[in-house]
Amino acid sequence: MNTDKKVAIVVVTYNRLKLLLQAIDALLKQTYTNADILIINNASTDETEETLKPYAQRGDILYFNTGENLGGAGGFNFGLRTAYEQGYDYYWMMDDDSIPTPTALAEMMKADEALKGQYSYLASYVFWKDGSPCKMNAPRIADDWINDAALAEKGVMRIQKSTFVGFFTKKDVVEKVGLPIKEFFIWSDDTNYCWRCNEVAPGYLVVDSKVEHRIVSNVNADIITDDTDRLARYVYAFRNRYYNYRMVGSAKNYKIYVFKKFMKILTKSKNQKWKRIRVMMKGVRAGKHFNPPIEYVTKREKVKS
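Residue numbers for the sequence shown follow the numbering used here, so the first one is 2 and each next one is one higher.
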């Protein structure tokens with residue numbers, strides 16, 4: 002395996018110091034060592050900055066503070082731009098509660114060679130603490146995956162989208178598709194980015210690149226069942242999803258999606274049904290005219306999609 006390729010490992014963090022330290026420890030143990038760990042601190046209000054100073058002084062990490070909480074989307078926008086401007090050609094992105102196995106990055110680099118660079122992104126296989134697939138990070142297998150079926154012998158499968166937990170891409174792709182849309186703040190920013198990458202080249206799941214996602218429970222976040230104190234964030238979910246549906250010309254399908262959610266809230270939510278519906282509709286209304294710009298790392302003119 003060629004070890005000359007330098008990788009920027011971009012980790013976005015916000016007020017999860019204990020998990021972040023576990024993630025850093027796992028990243029420092031990677032068998033592929035030609036990589037730097039870039040910690041993007043979304044202006045955490047805990048002891049993250051002070052605790053990370055010795056790591057930065059030793060050269061274990063490169064530390065950047067965004068100055069304000071930009072959300073996951075803004076953090077990855079900031080981190081990917083920073084990595085590009087620092088001169089890296091490859092980028093491996095993840096959350097602060099993502100714990101890669103020691104060979105996870107090495108397997109990415111093997112897949113890069115096997116594919117001869119003919120991809121737009123690679124995705125790690127994300128599992129939960131009990132070893133089962135992590136539901137919130139499940140990739141969507143491409144309908145035409147069989148066209149690349151021979152790659153299965155190398156543990157690689159074509160996908161349509163993944164999440165930013167273990168997301169791997171490269172300089173030439175970022176120059177073409179731009180950065181994640183920071184205005185998304187949270188949710189669906191990774192889906193949007195994958196769809197844009199798919200227009201450049203296929204994306205692939207790398208089965209042997211494994212990352213444990215240390216979330217509390219292995220369930221998909223859903224406005225139907227989530228705790229009432231978390232409902233406000235679903236405005237972003239419905240707003241951003243509306244934008245994504247509009248981007249691919251499927252606004253009609255989005256309306257069907259919203260109607261189904263409406264009915265499920267009425268029939269399955271155990272409490273605060275009308276509050277859930279109000280939050281959902283606030284996001285829907287916001288999504289009608291939500292049209293954020295796509296930022297590019299090159300000097301090309303910024304455009305709206």
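Treat the hints as calculated values from the structure; they're not laboratory data. Cβ atoms here follow ideal geometry from the backbone N, Cα and C, with glycine treated the same way. Check each hint, because a few of them may be wrong.
Quick list of the computed label-pair ranges, beta carbon to beta carbon [stated by the list, open to error]: (1) 226 x 86: 23 to 31 Å; (2) 86 x 293: 18 to 26 Å; (3) 54 x 231: 49 to 57 Å; (4) 260 x 155: 27 to 35 Å; (5) 290 x 268: 29 to 37 Å; (6) 58 x 250: 23 to 31 Å; (7) 268 x 44: 37 to 45 Å; (8) 118 x 268: 31 to 39 Å; (9) 154 x 274: 48 to 56 Å; (10) 294 x 58: 16 to 24 Å; (11) 202 x 69: 33 to 41 Å; (12) 287 x 251: 37 to 45 Å.
Keeping only pairs whose Cα atoms sit at most 30 Å apart, straight-line, the calculated DSS-like set for lysine-lysine is [to be verified]: (13) 19 x 183; (14) 155 x 136; (15) 171 x 136; (16) 256 x 136; (17) 136 x 269; (18) 111 x 54; (19) 183 x 162.
Results for each hint:
Range check, residue 226 to residue 86: about 41 Å between beta-carbon atoms, so the 23 to 31 Å window is missed. For the pair residue 86 and residue 293, the beta carbons lie near 21 Å from each other, so the given range of 18 to 26 Å is met. For residue 54 and residue 231, the hinted distance range of 49 to 57 Å is not satisfied, since their beta carbons lie about 32 Å from each other. In this structure the hint that residue 260 and residue 155 lie 27 to 35 Å apart at CB is violated, the actual value being about 43 Å.
Remark: the range hint 29 to 37 Å for residue 290 to residue 268 is upheld by a beta-carbon distance near 31 Å. The supplied range of 23 to 31 Å is broken by residue 58 and residue 250, whose beta-carbon atoms lie about 51 Å from each other. At about 40 Å, the CB distance of residue 268 to residue 44 agrees with the hint of 37 to 45 Å. At roughly 49 Å, the beta carbons of residue 118 and residue 268 sit outside the given window of 31 to 39 Å.
Distance hint check for residue 154 and residue 274: the Cβ-Cβ separation is about 50 Å, which falls inside the suggested range of 48 to 56 Å. Restraint check, residue 294 to residue 58: a C-beta distance of roughly 37 Å breaks the suggested window 16 to 24 Å. Between residue 202 and residue 69 the CB atoms are about 34 Å apart, so this pair conforms to the stated range of 33 to 41 Å. For the pair residue 287 and residue 251, the supplied restraint of 37 to 45 Å is violated, since their beta-carbon distance comes to about 18 Å.
Taking the CA atoms of residue 19 and residue 183, the gap is near 26 Å; set against the 30 Å cutoff, the hint holds. Between residue 155 and residue 136 the alpha-carbon distance is near 24 Å, which keeps this suggested pair within the 30 Å criterion. Distance check on the hinted pair: residue 171 and residue 136 sit about 26 Å apart at the alpha-carbon level, within 30 Å; holds. Of the supplied pair hints, the one linking residue 256 and residue 136 holds, its CA atoms being roughly 24 Å apart against a limit of 30 Å.
This hinted pair checks out: residue 136 and residue 269 have alpha carbons roughly 20 Å apart, not beyond 30 Å. Simply put, residue 111 and residue 54 have alpha-carbon atoms about 33 Å apart, too far for the 30 Å limit, and the pair is violated. Using a Cα cut-off of 30 Å, the hinted pair residue 183 and residue 162 holds, with the two alpha carbons roughly 19 Å apart.
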